[in-house]
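*Asks:* Residue numbers (my numbering), protein chains in the order written: chain A, 1 to 114; chain B, 115 to 228.
If you are wondering where the hints come from, they were derived from the structure by calculation, not from laboratory data.
Beta carbons: idealized from backbone N, C-alpha and C, even for Gly.
Treat the hints with care, as some may be off.
What the hints assert, rightly or not - Covered stretches of chain A, as calculated for chain B (at least 3 residues, CB under 8 angstroms):
1. 46-53
2. 90-96
3. 100-106
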Amino acid sequence: AQSVTQLDSQVPVFEEAPVELRCNYSSSVSVYLFWYVQYPNQGLQLLLKYLSGSTLVKGINGFEAEFNKSQTSFHLRKPSVHISDTAEYFCAVSGSGGYQKVTFGTGTKLQVIP
Amino acid sequence: DTEVTQTPKHLVMGMTNKKSLKCEQHMGHRAMYWYKQKAKKPPELMFVYSYEKLSINESVPSRFSPECPNSSLLNLHLHALQPEDSALYLCASSVLLAGINEQFFGPGTRLTVL
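Modelling step: build the complete structure from the supplied sequences, incorporating the hints.
*Replies:* See below:
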């Protein structure tokens with residue numbers, strides 16, 4: 001079984017400041033990791049994913065995440081946030097092979113302050 | 115066409131009504147999913163269809179009945195719902211790319227049960 005923990009339920013940050021949203025995972029087997037964003041009253045959009053290889057993954061909208069196997073973390077970062085980045089961010093994990101269940105973290109609300 | 119569409123966007127129903135939610139994708143994906151999302155919570159998996167066959171039912175009450183008429187369509191039939199079933203219902207589809215289950219989400223149907 002796998003799980004993810006998002007340590008922060010809300011993260012307020014000023015516009016143009018950097019941000020890090022934290023995610024830790026737990027699994028006894030190889031996993032795939034994702035970050036999704038959900039804007040108000042919308043579905044989820046994939047920001048980026050980690051499969052294997054380079055531990056630094058670049059996604060859309062200037063976001064990137066770093067996979068750290070020793071710390072079982074997959075933190076999301078952006079060097080300079082915009083008002084439009086205000087949204088809910090979900091970290092997710094899936095096992096490998098076939099149509100595996102995707103397990104979501106509890107979400108982090110990023111609030112960008114003008 | 116790279117999107118998942120859901121209809122209706124909003125639905126209000128009484129506890130004795132019968133209604134259906136519809137989901138459609140034309141990306142050739144062979145797995146489709148229903149999720150339920152309550153406010154400020156992550157999506158919770160309800161059902162998975164793989165190659166038009168029900169492969170996962172997460173112990174969902176029988177008042178929710180999924181149907182997959184073909185590889186592009188997924189329905190969720192609703193009957194005798196309770197007010198606590200009010201939520202955002204998300205549909206997703208996925209394709210296996212290099213063994214990874216990458217899911218694409220629709221915008222959701224906002225359901226209110228009176």
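*Asks:* Confirm or reject each hint.
*Replies:* Hint by hint, here is what the structure shows:
no.	hint	in the structure
1	46-53	holds (count 3)
2	90-96	holds (count 3)
3	100-106	holds (count 6)
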